[in-house]
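Q: Sequence:
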Amino acid sequence: MSIRRPLPDEHAPYALTYINATDAALTAHGTTDLVQLLAAQRGEWQLLLTNVPQATASFRYAPGKWTLAEQLVHVSDTERVFAYRLLRVARGDRTPMPGFEQDDWVPQSRTSRRSLSDILSEMLAIREATLTLVSSLDDEALAQRGVASGVEVSARALIWMIAGHMAHHLTLTREKYLG
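Mapping of the sequence shown onto the UniProt record's numbering: residues 1 to 179, in sequence order.
No lab work stands behind these hints, which were simulated from the structure alone. For glycine and all other residues, C-beta sits at the position ideal for the given N, C-alpha and C.
Here are the in silico distance ranges between beta carbons for each label pair:
1. ASP9 - ALA62: 34 to 40 Å
2. ASP104 - GLY30: 36 to 42 Å
3. SER149 - GLN108: 18 to 24 Å
4. ARG60 - ASP118: 15 to 21 Å
5. ASP23 - LYS65: 22 to 28 Å
6. PRO63 - LEU16: 27 to 33 Å
Build out the structure end to end from the sequences listed, making use of the hints.
A: Now the structure itself:
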């Protein structure tokens with residue numbers, strides 16, 4: 001499913017980081033199909049984390065940075081938020097949606113009580129739900145706009161942000177946590 005790159009007026013300035021990361025990931029995967037990329041990212045996480053020892057879950061690559069487990073839960077939390085926004089925008093809901101403070105959410109995730117396997121299973125299930133939602137949208141739904149974090153955003157841009165956020169964290173995990 002080819003979902004064109006969103007225009008600058010379809011997203012907040014901060015989202016450009018994720019949109020550019022999506023461009024890079026599409027190129028790296030040799031595709032222009034965003035749904036194919038979303039599915040491939042799910043497989044990348046599975047391959048990357050399946051044999052990682054549980055002790056690595058508490059690893060921080062620098063003081064004040066999240067543990068590997070916290071980062072993974074952050075990825076899941078963010079995908080849930082972005083997918084919820086996507087659902088509302090695609091359905092034509094123009095009610096403004098508030099932002100969320102990731103640094104307040106992470107300590108509440110209680111990752112020290114969870115196995116990496118459990119965290120990975122949750123992440124993969126969330127991505128599967130996102131894939132199902134994205135695959136159900138037509139061009140009219142993709143063009144819908146809503147307001148999130150005080151900025152107008154299109155459904156299309158939210159999908160690019162979902163893919164780019166995950167691409168960013170895949171790179172971070174490879175380079176900082178497992179590299």
